[in-house]
Amino acid sequence: MLTIKNLNVYYGSIHAVKDLNLEVGDGEIVTLIGSNGAGKSTTLHTISGLIKPKTGSILYKGNEIVGIPAHKLVGQGLVQVPEGRHVFAEMTVMENLDMGAYLRKDKDGIARDKEKVFEKFPRLKERISQTAGTLSGGEQQMLAMGRALMSRPQLLLLDEPSMGLAPLLVREIFSIIKEINSEGTTVLLVEQNANMALSIADRAYVLETGRVVLSGTAAELAASEAVQKAYLGG
Amino acid sequence: MDTGSFAHQFAQQIVNGVSLGSIYALIALGYTMIYGIIKLINFAHGDIYMLGAYIGFVAITKAGLPFLPALIVSMIGAALAGIIIERIAYRPMRHAPRIAALITAIGVSFFLENGMILLVTPQPRTFPAVFAPTVYHIGGVVVNNQQILILASALLLMLALTYIVNKTKAGKAMRAVSYDSDAAKLMGIDTDRVISTTFALGSSLAAAAGVLVGIYYNSIDPLMGMMPGIKAFIAAVVGGIGILPGAMLGGIIMGLVEAMVSGFFSSTYRDAAAFAILILILLYKPTGLLGKNVKEKV
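From first to last, the protein sequence lines are chains B and Y.
The first sequence begins at 546 in my numbering and counts up by one.
The second sequence begins at 254 in my numbering and counts up by one.
It should be emphasised that the hints constitute simulated quantities derived from the structure, not laboratory data.
Every residue, glycine too, gets a C-beta built ideally from N, C-alpha and C.
A hint or two may mislead.
[To be verified] No farther apart than 30 angstroms at their CA atoms in a straight line, the calculated lysine-lysine pairs in the DSBU-like style are these: (1) K670/B with K420/Y; (2) K292/Y with K538/Y; (3) K599/B with K617/B; (4) K420/Y with K597/B; (5) K599/B with K420/Y.
[To be verified] Here are the simulated distance ranges between beta carbons: (6) A529/Y with R668/B: 46 to 52 angstroms; (7) T637/B with V388/Y: 46 to 52 angstroms; (8) G629/B with S519/Y: 52 to 58 angstroms.
Just chain B, same shape as in the assembly:
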């Protein structure tokens, strides 16, 4: 689904991502863990086309996507849920979902997908005509995910979905990620909460100051001493 080769990304003179290689297979949940400032979000932004890399290649479904603007990738099924949700605060829940379906013209399909989103996130249905800014953090995360689902993603990029949420809510969000994945969407998950991320992922990469320092199956990494020490509080 996604193959990244020798990716280098700069913010001005800061070398944020260094020679990154990463692979996401069809149907997998792959997680990218690491501490604050490790380059995780930069990597996601580069994949989704919001940032241009200096060098390197990103193949999505076999095609080079470096240089294609973000809005065109959405139509190809590559969809990012940004860090900090970024819901449209002054638009209603319904309008936010409509924005997710911006590129689609199949009215019936859109209506069906909305129902599916409401099945996954019943709380959104209760707040359908509320503006998104009045929702709680957890509800906003649900809305951001629901909005992304409206564009029928094949590869869903999730940036820190657990950020700022209570543990119970984090568990709920993660079980929904698992559910979305089991329905056929490939997931690339960026997380600081390594524990939760490894518990649902198939494979994982550990990023430190822009470099991949460890990779393997989620189970391997969860058992690894280095990871436990650095990220799992073991």
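Start from chain B and add chain Y according to the hints.
Using the frame of chain B, we list chain Y on its own:
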């Protein structure tokens, strides 16, 4: 002045103020929409209004079009001008510091003003009377059909704009881009196209205002956009820049204050009054009358 004639004068100035104000409101809407979407004070916006007046003038005098088709031609022409200006002058500045974009806007304004002076000479032109002026006396207050035309056209255009922004897909995309352009891109929204659409809409409203003013004052010239441009900018700030109903409210307030000052004191003070309002708003409610206090997020 006894109370009877005072009430009289007051009512008369309300009529005058509301028609002038609806012109300001139309121009202010463009300011506020463009600011809302790319955080640029488009100082060339008043000159788009001038351009609209000239296109309308040509459409009526040279092509012999009646009012409504001329208005539409002018709006379309100005929309195209807005799109081209954004594409050539502002888009390359998209990621530049805001002050650079602002200076570019001032440059575009000078270009349009002096370009038009070159093209049509600085001489004012007499705008043809598309309707024979009819004056109605309603309870002693003088209302002419041009004022009614201005008010009706402005109201219709504002209603249409409100509908577009709130109900159509393009309008929702505009709002989405203005709230969070990166998130909008992640929804598949082509932000460049949405910005072009915004310039087109804003410019067409300014052009409509230009044609209406041409009809109202019978005279247009290449520098006619300077003062109304600044006044409409003040109107947008008074209402809360970036907020559509704010621009409408601000426009009407500006029109009313100017009319009252002209009517009760002297028309020489009317510009001073406009700037005094700006100073007061900036001192006491910098976010504008309808603006919310938004904390900058870190």
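Checked hints:
1. K670/B with K420/Y: 20 angstroms, holds
2. K292/Y with K538/Y: 19 angstroms, holds
3. K599/B with K617/B: This hinted pair holds, its Cα atoms lying about 20 angstroms apart.
4. K420/Y with K597/B: Between K420/Y and K597/B the Cα gap is close to 34 angstroms, so the pair fails against 30 angstroms, i.e. violated.
5. K599/B with K420/Y: Distance of about 41 angstroms is beyond 30 angstroms: violated.
6. A529/Y with R668/B: 46 to 52 angstroms: 50 angstroms, holds
7. T637/B with V388/Y: 46 to 52 angstroms: 47 angstroms, holds
8. G629/B with S519/Y: 52 to 58 angstroms: 55 angstroms, holds
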